[in-house]
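Residue numbers (numbering that gives the first Met the number 0), protein chains in the order written: chain A, 0 to 298; chain B, 0 to 448; chain C, 0 to 399.
Treat the hints with care, since some could be wrong.
As the list claims (entries may be wrong) - Ranges of calculated distance between the beta carbons of each label pair, as one might list FRET restraints:
| hint | chain 1 | residue 1 | chain 2 | residue 2 | range |
| --- | --- | --- | --- | --- | --- |
| 1 | B | Thr381 | C | Leu145 | 48 to 56 Å |
| 2 | A | Ile131 | B | Thr186 | 23 to 31 Å |
| 3 | A | Arg189 | C | Val263 | 29 to 37 Å |
| 4 | C | Ala203 | B | Gly431 | 28 to 36 Å |
| 5 | B | Ser339 | C | Ala216 | 56 to 64 Å |
| 6 | C | Leu246 | B | Asp397 | 43 to 51 Å |
| 7 | B | Thr41 | C | Leu246 | 50 to 58 Å |
| 8 | A | Val155 | C | Val268 | 51 to 59 Å |
| 9 | C | Ala141 | B | Ala363 | 47 to 55 Å |
| 10 | A | Tyr64 | C | Gly356 | 25 to 33 Å |
| 11 | A | Pro2 | B | Ser339 | 52 to 60 Å |
| 12 | A | Arg189 | C | Pro57 | 37 to 45 Å |
| 13 | A | Pro125 | B | Gly336 | 18 to 26 Å |
| 14 | C | Gly356 | B | Asp397 | 33 to 41 Å |
Said to hold, decoys possible - Quick look at which bits of chain A chain B covers, simulated, 3 or more residues with Cβ under 8 Å:
| hint | segment |
| --- | --- |
| 15 | 152-161 |
| 16 | 235-246 |
FYI, nobody ran anything at the bench for these hints, they're computed from the structure.
Glycine is no exception: its CB is placed at the ideal position from the N, C-alpha and C atoms.
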Amino acid sequence: MDPFLTSRIVSDILGGLTNGVIYGLVALSLVLVWRSTGILNFAQGAMPMIATYLGMVVFAHRLGYWPLVIVSIVAGFVVGGVTERVLVRHLYGKPEINPIVVMVGFLIVLEGVAAAIWSTTPRGIPNPFSPIDWQLGGKPIALSPFSVYEIVTALVVMTGVAVLFRFTKLGLQLRASALAPEVSRLLGVRVSQMLTLGWILSTGVGTICTVLVASNFFTGLTPQVMDGIFAFGFIAAAVGGLDSPVGAIAAGVSMGIVLQFVGDFVNSNAIIITALLILIVSLMVRPNGLFTKSTARRV
Amino acid sequence: MSRTHTRRLATTGSALLLCTALVMAGGSVITAGAASHTPGVTAKQITIGATVPLTGIASTGYNEVAKAADAVFMYVNSKGGINHRKIKYILKDDCYGTPGFGCTGTPSTVTQTHALLSVPVFATVGSLGTPTQDSVRSLLKSNGVPQLFVNSGSRDWNNPTTYPGLFGWQSSYNEESKIFAKYINATYAGANVCFLGQGDDFGSDGLAGLVAGGVTPSDTQLYSVGALVVTQGASLAPYIARFQTDKCTVVVLDTIPGATDAALGAALQLGYSPHWVISSVGSDPVTVFAPLAAKGLTTDPEVGAVSFSFLPTPGSSSAWIPWMRKVLTADKSQFPGFSSTTTLDGNMEYGIGWGVAFVEALKASGKTFTRASFLKTLTSMTFSQTPSLTPLRYTSTDHQGLNGGYLVTVTSSTSAKPIDGKIYTTDSTSTGPVVSAKKLSSGIPSWLK
Amino acid sequence: MGWLVARRRLVLAIGLIVVAVVITLVVSSNARHAAALIVALAVAIGGVTTLTIRGFRPSHPVLARATLTIVVLDAALFATYFFSSITNFNLAIGAAMSITLLGLSFLTGASGQISLGNSAFMGVGALTVAIWANHHATTPMAVTLLIAVVCGTFVGLLLGLPATRLRGPYLAGMTLAFAVAFTAIVNSFTSWTGGDAGLQLPTAVTPPHWLTSFFNAQTSILRVNTMWLADITIVVTAVAFFFMANLFASRTGRAMRLVRDNEVAAELVGVSLPRARVIAFMVSSAYAALGGALWTLINNSVQPPTFSLALSITILSLVVIGGIGTISGALIGGVIYAYSNNVISWFTQHTGINPQGNLASQLPGIVFGGLLIVTMLFAPMGIAGAAHRLWGRRRVRSPE
Numbered sequence: 000m001d002p003f004l005t006s007r008i009v010s011d012i013l014g015g016l017t018n019g020v021i022y023g024l025v026a027l028s029l030v031l032v033w034r035s036t037g038i039l040n041f042a043q044g045a046m047p048m049i050a051t052y053l054g055m056v057v058f059a060h061r062l063g064y065w066p067l068v069i070v071s072i073v074a075g076f077v078v079g080g081v082t083e084r085v086l087v088r089h090l091y092g093k094p095e096i097n098p099i100v101v102m103v104g105f106l107i108v109l110e111g112v113a114a115a116i117w118s119t120t121p122r123g124i125p126n127p128f129s130p131i132d133w134q135l136g137g138k139p140i141a142l143s144p145f146s147v148y149e150i151v152t153a154l155v156v157m158t159g160v161a162v163l164f165r166f167t168k169l170g171l172q173l174r175a176s177a178l179a180p181e182v183s184r185l186l187g188v189r190v191s192q193m194l195t196l197g198w199i200l201s202t203g204v205g206t207i208c209t210v211l212v213a214s215n216f217f218t219g220l221t222p223q224v225m226d227g228i229f230a231f232g233f234i235a236a237a238v239g240g241l242d243s244p245v246g247a248i249a250a251g252v253s254m255g256i257v258l259q260f261v262g263d264f265v266n267s268n269a270i271i272i273t274a275l276l277i278l279i280v281s282l283m284v285r286p287n288g289l290f291t292k293s294t295a296r297r298v
Numbered sequence: 000m001s002r003t004h005t006r007r008l009a010t011t012g013s014a015l016l017l018c019t020a021l022v023m024a025g026g027s028v029i030t031a032g033a034a035s036h037t038p039g040v041t042a043k044q045i046t047i048g049a050t051v052p053l054t055g056i057a058s059t060g061y062n063e064v065a066k067a068a069d070a071v072f073m074y075v076n077s078k079g080g081i082n083h084r085k086i087k088y089i090l091k092d093d094c095y096g097t098p099g100f101g102c103t104g105t106p107s108t109v110t111q112t113h114a115l116l117s118v119p120v121f122a123t124v125g126s127l128g129t130p131t132q133d134s135v136r137s138l139l140k141s142n143g144v145p146q147l148f149v150n151s152g153s154r155d156w157n158n159p160t161t162y163p164g165l166f167g168w169q170s171s172y173n174e175e176s177k178i179f180a181k182y183i184n185a186t187y188a189g190a191n192v193c194f195l196g197q198g199d200d201f202g203s204d205g206l207a208g209l210v211a212g213g214v215t216p217s218d219t220q221l222y223s224v225g226a227l228v229v230t231q232g233a234s235l236a237p238y239i240a241r242f243q244t245d246k247c248t249v250v251v252l253d254t255i256p257g258a259t260d261a262a263l264g265a266a267l268q269l270g271y272s273p274h275w276v277i278s279s280v281g282s283d284p285v286t287v288f289a290p291l292a293a294k295g296l297t298t299d300p301e302v303g304a305v306s307f308s309f310l311p312t313p314g315s316s317s318a319w320i321p322w323m324r325k326v327l328t329a330d331k332s333q334f335p336g337f338s339s340t341t342t343l344d345g346n347m348e349y350g351i352g353w354g355v356a357f358v359e360a361l362k363a364s365g366k367t368f369t370r371a372s373f374l375k376t377l378t379s380m381t382f383s384q385t386p387s388l389t390p391l392r393y394t395s396t397d398h399q400g401l402n403g404g405y406l407v408t409v410t411s412s413t414s415a416k417p418i419d420g421k422i423y424t425t426d427s428t429s430t431g432p433v434v435s436a437k438k439l440s441s442g443i444p445s446w447l448k
Numbered sequence: 000m001g002w003l004v005a006r007r008r009l010v011l012a013i014g015l016i017v018v019a020v021v022i023t024l025v026v027s028s029n030a031r032h033a034a035a036l037i038v039a040l041a042v043a044i045g046g047v048t049t050l051t052i053r054g055f056r057p058s059h060p061v062l063a064r065a066t067l068t069i070v071v072l073d074a075a076l077f078a079t080y081f082f083s084s085i086t087n088f089n090l091a092i093g094a095a096m097s098i099t100l101l102g103l104s105f106l107t108g109a110s111g112q113i114s115l116g117n118s119a120f121m122g123v124g125a126l127t128v129a130i131w132a133n134h135h136a137t138t139p140m141a142v143t144l145l146i147a148v149v150c151g152t153f154v155g156l157l158l159g160l161p162a163t164r165l166r167g168p169y170l171a172g173m174t175l176a177f178a179v180a181f182t183a184i185v186n187s188f189t190s191w192t193g194g195d196a197g198l199q200l201p202t203a204v205t206p207p208h209w210l211t212s213f214f215n216a217q218t219s220i221l222r223v224n225t226m227w228l229a230d231i232t233i234v235v236t237a238v239a240f241f242f243m244a245n246l247f248a249s250r251t252g253r254a255m256r257l258v259r260d261n262e263v264a265a266e267l268v269g270v271s272l273p274r275a276r277v278i279a280f281m282v283s284s285a286y287a288a289l290g291g292a293l294w295t296l297i298n299n300s301v302q303p304p305t306f307s308l309a310l311s312i313t314i315l316s317l318v319v320i321g322g323i324g325t326i327s328g329a330l331i332g333g334v335i336y337a338y339s340n341n342v343i344s345w346f347t348q349h350t351g352i353n354p355q356g357n358l359a360s361q362l363p364g365i366v367f368g369g370l371l372i373v374t375m376l377f378a379p380m381g382i383a384g385a386a387h388r389l390w391g392r393r394r395v396r397s398p399e
């Protein structure tokens, strides 16, 4: 039993799982925005980054870790809602290139503003969990209290989103206004508010993810903290299908594990190249993602 | 019909005007000639410049280096300048040639060097980075602009036949590794050594130095900076896991600070604690520990690591340390918050090190000088009163710079101390021995105090 | 009637040239300069005269475009003689960039696809030149540029094939992944590409003797070199723009715009959608590669990390700000790229922002991003589109 838990294969699976849930969360936040408003949000990494700075840095001297997390998530809700109302509202019904370009512009502005205010020097976020792996017979298992915290938090968020959509009236309204806005409006759903809510939820999920990333990796919180992870989350969302939350999470987690094996057995260059190949092959097979049900739907 | 006629008249008329204007312009510019004096030097001022990473991945810590040198220049200016000339230092951000999101729209090193050339500058002094400075070697050479004290330990700067105006400053990666090898053989004889280096000449020269010094690592890994950035440092974890599986007891790191962080972090996570030997490039305790500090880590994993220094450590009794603090405290524009309680870090020391060297070379060049006479002074003198541990000496055939220093051990998250204080020198060849330095630097020149 | 006008025009043109020759001979003291001036003026006067012949542009569109290209080229080359070295260097960089911009402008404007991978295509061209030059130093420059374009086209084909089945966001995602993976791919073939450190050209591009002889001995080498670099780039840019202008107007160009505006209609009239998309992709990456190849010549070196996703985003921004799908938009974008930093540093100098502070170093990004948002929201056709609309409106309003 012991050698099995500390073996290379199990280590890779556990390490990959930890990365994978993060990719899954980013993918999920992308899907939430896509489903509600049909927009691919290129600022999906930068908006939560700003929220995390607002929460974690501005109040860092006064509050402990958990209140800071709450403040950051609230900041995330605000950033998401305001962005939808002020910026995104003008993009509905425009050619699909318009929102892509605007959100790319927003990404550059946010990262520039963050770096101008807080500089590009990394900031650490103290958290109550040790990043040191548990040992078994003098060998590490690829799990630490922190990575368990990461995985559990991600699972809770994913379950929460699923429950919201499946079992609540609000979730039904959200789904309805995304799929059939006209009919929903006739039935008394306040579609406009539902769209805003979609962005609020998405940025909230993104912020939780960013807080996890910024308090985990040894580089800390920087304005570019989500750039690399965004690319992987994006690939996961595209592979799983931008319409499918389940697909996004599944693709994120399995990509995390596959890429961990690639990084371990091949080299670090192969990680992103493999991700690119996975994306190309899966899109050749299913151009709208592996988990999307209706391939004909266009926004 | 009349409308088109008017328009045609207007068109031909303006074409005629344009022609005349061009002819006149041609006549006037052709006769203009360039005045013959040393570019960048006037009676009251000498203008120099550098391209450095003020933003982007390499900016952490490294953005202080040239600013610290500027603090030296400001200090000298406040005392009346050198031969009544004030030094004007122009810094251009090149983002280390890796424009990520942190520096969208930042021009390349070549573009920024062109901007410096058009100022014009007397020389570039203290530009940072191996690939970045390699890319402008021939541009600077073809325009006769000296490229002084490049901030990198590459051997590329020592090529006087092809690049007579190009000079390094710090001890080469190769020299540093040879001194490490001597230490490893003496202290951990027969140990299983592993090596992690950057995938360019930093890593390959460092490895060559180790081998030349008699240490052959059992496992050698080279990392890519690109992957390091994309994966937020996670790309180094598999290498460290492999070293652990290989049961290496000594790990040599030729890494930039961000990669040192990632390697130490990965080892910590794995519960792996070998003897670390870390290149001076990536070992500055303040820069390395800052990101780890706020992670709930109470102990700095770098403590106990062995590194190398060609400058006196901030905790040492060198007379230069209080002088450096004085200079930095005086500079309110680049280091506004620097006070007696601020930690003096390795990057600031580094910049002050070559800043002083430039000031002394300038003074030695006399009241009137040209680029050629300045370079001649530089290659014919020994600068034994600069902050470096060993004298700085260039010859017409050796442009590398410093060639020695002492081994240090990291004692806390903000400091390192010399292991035994013995200062070694060597060269960058595979056969040159590591020997105790015969000549050491001596004090601060009185005119600088 | 038409002939009569043309003959009068010819007489006028010859007259103008004679006047110009006389003035030149009087003013200029150097035979070389005089000859160059006369040639430049003759080309300009002849070209402008031809272009203003009524009915010439609609009846001979290709010839008209060629004439316009030659006139602009003539003026630009002439101007480089008077520019300072830094202006010429920026001009060269901007011209090379405008070729890349034109490629993306065509892809997005004509076929409605979006690409975030054009920095990587640029990198393909840039590296091809450097690798080739390091192995075959004697190959003429034009041939090396062509090889880079062929490589760029081929990589464009490789990525264009899967791209044919993808719609906007998925295509954007795939090209984004390619841009991110580019550095890793380069690092997998370090012995060829030089890895992160990149490659240098074995010999710098140097001006030919006849050009050097135009300058007196005191002129700095820098000025002559950068002028030559700018001239080469401008000539290549002019050729690239000429081809693209014809492609825009051709049957293929029309078919692509139909694909963009109405896929069903395009298929009904017999346009093959996948074929149109692959061609657009290949043209776009060929142009990006050409831009990158010139970039290597201008910089005398190539550093692969330059060709990051950030550069792709810059490219996209410039195309949008200049005006998607317009020829002039790509030129405007190139000019903005070349001189925006001068404008921004002028701005920081005059507003008292610490030039080495955080805000100053982030300002280019913030301004670029902000312009991108504002343009897309308020003038989606960019500067070129807005200018066109303004000009058109004024013409309608004038009482003639």
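Checklist line | Hints violated by the structure (numbers, ascending) | finding: 6, 12, 15 and 16
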